[in-house]
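**Student:** Two independent chains are provided; combine them into the complex using the hints.
Which chain is which? The protein sequence lines are A and B, in order.
Numbering of the first sequence is given in our numbering, commencing with residue 1 and proceeding in unit increments.
Numbering of the second sequence is given in our numbering, commencing with residue 360 and proceeding in unit increments.
If you're looking for bench data, these hints aren't it; they were derived computationally from the structure.
Treat the hints with care, as some may be off.
What the hints assert, rightly or not - Derived lysine-lysine pairs resembling DSS-like cross-links, with alpha carbons at most 30 Å apart:
{"id": "1", "chain 1": "A", "residue 1": "LYS226", "chain 2": "A", "residue 2": "LYS214"}
{"id": "2", "chain 1": "A", "residue 1": "LYS279", "chain 2": "B", "residue 2": "LYS365"}
{"id": "3", "chain 1": "B", "residue 1": "LYS618", "chain 2": "A", "residue 2": "LYS325"}
{"id": "4", "chain 1": "A", "residue 1": "LYS231", "chain 2": "B", "residue 2": "LYS504"}
{"id": "5", "chain 1": "B", "residue 1": "LYS559", "chain 2": "B", "residue 2": "LYS504"}
{"id": "6", "chain 1": "A", "residue 1": "LYS75", "chain 2": "B", "residue 2": "LYS449"}
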Amino acid sequence: MKIIKIDKKIWSDGVEKSRDSYRLIGPVKDREFHQFRELAKGEQPDMNYKNSRLSPKSIAFPQSETMFIYDLDEKAEEHHIMQDAEKDYSPRAVIGIRPYDAKAFKILDLNFNNSDYQDPYWVNAYNCTTFISLAVNSPDKFDFSTSCATGPFDDSAVDVLLVDYNDSYLAKIMTDKGLAWLNAAGFTTKNGEIDGAVTGVSEAGEDIYEIIEKLKADAESKIRSKISFDKIKEKSILDIFNAPFWEDIAFACLNCGTCTYSCPTCWCFDIQDETNGRKGIRQKNWDSCMTPLFTVHATGHNPRHNDWERTRQRFMHKLKYFQDKYNQGIMCVGCGRCVEQCPANIDIRNICNQMNNGE
Amino acid sequence: MHNPYKPYPVRIDDIQIATEDKSLRTFKFVFLDPEDEERFAYKSGQFAELSIPGQGEIPIGIASSPTEKGFVMFTVFRTGKVTSYLHEMKVGDIMGIRGPLGNWYPWDKLEGKNILIIGGGFAFTTLRSSIKMVLDPPNRKKFGKIDVVYGARTPGMLLYKEELMEWEKRDDINIHITVDSTNDPNWKYHTGFVPTITEKVAPPADNDTYAIICGPPIMIKFTQPVLDKLGYEHDHIIMSLENRMKCGIGMCGRCNIGKELVCKDGPVFTLEQLNKTPREY
Ligand SMILES: Cc1cc2nc3c(=O)[nH]c(=O)nc-3n(C[C@H](O)[C@H](O)[C@H](O)COP(=O)(O)OP(=O)(O)OC[C@H]3O[C@@H](n4cnc5c(N)ncnc54)[C@H](O)[C@@H]3O)c2cc1C
Ligand code: SF4
Ligand code: SF4
Ligand code: FES
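For reference, chain B alone in the conformation it holds in the complex (with noise of 0.2 Å):
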């Protein structure tokens, strides 16, 4: 029988530091067991837990994407006592990775559509892996327009921005960079919220247009108005949710959000799911 609670060995590969304020860091991990790496097989949307053994195991989205071979990656926000130990330690050292675990964006239904991804803060992750997936020269092909409103605090505050940048010279995809506030002078990107950069930017709801928002919670609260705004149906929005987690598989039951399991069920769900389900996220 698989035991879902064993995690595959893994050696950290690689740690950068990611935001100017060295709250996150990215993670490369490389599987001890190469076999592993298959098994792990994940989609852009997935999560794992990270597994540190005598710390405890956190959920974290997989940031790396499904196109990207011999490594998974992780960018993780320093806070409690796993992850702040996660970011004391060193190139080399050993631990686990379980997973992948949840459910991921529906890539299926999102095949020739325009796809809206509105991202903010530290929760790009899994934006990350589904842009770098999408942008797979055999899977471009698959999707319509695609569009990326992206926003952080401070320049210094984007995630991935080198890629960011790359992407943003690409005719394949429309970057919408933002920032709350800069003193930059050369700053030739967006300045204001990501709700008022969506309101601008964002291609005219229709059938075929999926928005995909994932952030903290003020910001969804604020874009949700705006995309009802625009006209889109509670069904073409696609959202990641985060609560609290242990075992990841459905079992220990504290992620609920009504009967829907988030780390199982989810953790992403349509707008149009949600409005059934407490509000318990």
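Isolated chain A, as found in the complex (with noise of 0.2 Å):
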């Protein structure tokens, strides 16, 4: 693994030149919060935002996403048979993105990339972007990602790993991928050589590792919220769910599903038809596990019909279901957006020690 370091007075016009070969995605002010889309020709991503309140897992699983067109009109061609949608999946980059919010792909990928089924639409979109991410240097209080098998430094989902060091970025060079998109931006040598002086030792004699490893142990010391889930997984799914707090721990839950919107692990969606006039479009949007038209029957009968059996499936499934299936630590990488943003103050830190210790 190499590092680079590029200097910020480049940064941006290294940026520009990368739009030669990609598509750039980062996060931008959008009045108050930051999301994450498209950069337009000659805008930057905001190196400076905090977090996005929507996690950028769209990049992959759009809120919206049209699969299919069809035709209605019996005079058409092909009429009442659905044709793929055009899609881009030309090389794009996403720059700024968060460590845990990359890793949360990984977990997306487990569900829509699997040896039964694949989404070619999932597959295709995250298999054309280079994760330019960027370190966390100070986590908020909402940050809890390091109990989560990742952190605000984890360089496991990411291709190339930026460090905010003063005027500078140190860039860890993870993967092949990663290194072509700073061989666009320019940022390497002309032939893609990594320029000597700047890996291991700087001009001014400074270790970049040792700088790095620094950088890390201070943001992750700046976490101070922990989760365990180590007893969930050895307790019975039955216990679990059969547990006298599940009421309680859901009586302020309004089911708005601010949380399953802005979760980055959150992966259930709805498929929808639009018609306008003859024409229309089959559509792929995000749905969540909150509202009772989830699961209704057609009968009137609900599975889930109480408001608090639907606070229980998105805990169960994040904390529970998900780890005995997989076998890989829980459905949340401790972004901490729901916590920040439920107007309840439903604190998933708290349940999941609840259901880890609780009886």
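**Tutor:** Below, the structure is given as structure tokens:
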């Protein structure tokens, strides 16, 4: 693994230059809050952003995505037959994504890309994306990512990890995909070789590896909240499902769905047709386990009729069913969005600890 | 990459009213591309998403048997948006089918065993597929004794009535038809609810006898104690579940019971498996 140092003075020009071979996505401020979206020509990712309200999962799992188009006009050729919608899977780079948000893609990938079925919209979009991630030097009080097998400097799901250091970004090059973007941005020497002067020890004689380790330790030490889920694993599904605390936990929950929409690891969706005149589209839309419509049968029977049963479903899925099914930790990267944004102060950290330690 | 959301285009080839109250219709579909029929190779117990552009998709059990070639058949109860629209469609109309989806009754495990099939109401569709399949001459000798208990509210509400009457006459299958009530003085089959008739006619429980149950929740609720009383072990009781579905491939997240997704890990489960999952169905 190599590290290069990028002077912030040449950063914007490089980003702009990489546009010749990439579509760029990054955090931009939209009125009050940041969101991830495609950057217009000349538009730069805001590298000073704290967090985005919605997670960047929309890069490969958009809130609303057209899968097919159809024509209901009987005179039209191939009428009533679903046709593939046009897609652009040319290379794209997402710049400034947080390491734990990148890690969330690995979790979604377990769902959308398995040995039985592959969701082509997810797989193609994920594959064509290069993750230029930005480490979090100052995690906020909602962040508990270090408990979730990731963290503010996690480099396991990214192509490049940028570390903000004074007037520079230190760029850890994790994959060839990452190197290719750095080349396209002109941050490496012409032939793609990494300039010896900027690896290891810099001109100023500082050890770059050590600097990164120190920044990482500082960042991680700022994260005070911890969760444990080891005992959740050992208990049976029915024991936790039937635990006495669920109605209390869910008492304040409005079932508004804010947590599910803002979450980088929530993957539930709906399929809907939308017709305009004789033409229409079939779409995949984000859905939420918090709504009664999610599960109600045509007969009116609803297996999760009560509000609190739907709240239970969210936490059972993330912290128990997922653990049991994949044996890869929990379905949460500890980004803290749901904790920060919940209007009822429902806190997954408390619920997790209660599931872990409660009777 | 194969796109599991993309339906195979089909043409409606035949529509039959299936019950006297006209609330159920049986549809036969033919694939526009004959090769799609091979791609759609299925087993009895599986389901498919019927896909009507502009209306949406509905999960429906496959009522035809893999031994029947040239078409696939479904029997649909008219209830909400998509099913009502389907009931208004005509022979010749074009739509789509996505699948086959889900698992099937465990035919490998059932080889050499006696099978008790218990069905009620319009959940009889995949059971019709199963009966048709096991009665196919090359298949029949693979299985032991076969008993079927099938009940409906009235004689006019029995699905696939002509076939039932034919099967009734055969000696390689015991068909026990029942209705809740009838004012037909010539009715020569059972009257009474499915659990009661099951108790009377079910073969004794043993290691070589399996029960397959498919029906409305109320029927399942009262049949299970009967099977318990008869001594059927819970790993010998096989059930097919229904939950609201969309994707049918285990991705959209709505049909779960615990960590199991009914669309992909089911819809067929043994009672022993269900005993370990939350009963969210
Ligand atoms: C595995 C399986 C097999 C089935 N087999 C049959 C069958 O052979 N014959 C039959 O008549 N019915 C069957 N059903 C039930 C059938 O799917 C619903 O009656 C149908 O989806 C209702 O759709 P709708 O648009 O008319 O109703 P609406 O209430 O308008 O429903 C809107 C949408 O919600 C979903 N939905 C609603 N209710 C259900 C439900 N109970 N199950 C699944 N999805 C639902 C569908 O996507 C539907 O399009 C089966 C269901 C499942 C899960
Ligand atoms: S937990 Fe909070 S954010 Fe989530 S549905 Fe309940 S009230 Fe809304
Ligand atoms: S559950 Fe909450 S903390 Fe965990 S990944 Fe989702 S939004 Fe972030
Ligand atoms: S219907 Fe989508 S997961 Fe089962």
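**Student:** State for each hint whether it applies.
**Tutor:** Hint-by-hint comparison with the structure:
1. Proximity of A:LYS226 to A:LYS214 is assessed by CA-CA distance (about 21 Å); at most 30 Å being required, the pair is judged to hold.
2. A threshold of 30 Å between alpha carbons decides the hint, and for A:LYS279 with B:LYS365 the separation of about 17 Å falls inside it, so the pair holds.
3. Restraint check: the Cα-Cα separation between B:LYS618 and A:LYS325 comes to about 6 Å, which is no more than 30 Å; the hinted pair holds.
4. For the suggested pair A:LYS231 and B:LYS504, the alpha carbons sit about 48 Å apart, so the restraint of at most 30 Å is broken.
5. At most 30 Å may separate the alpha-carbon atoms for a hinted pair to count; B:LYS559 and B:LYS504 meet this at roughly 16 Å.
6. With a C-alpha separation of about 17 Å, the suggested pair A:LYS75 and B:LYS449 falls inside the 30 Å cut-off, and the hint holds.
Violated hint: 4 only; the structure is consistent with all others.
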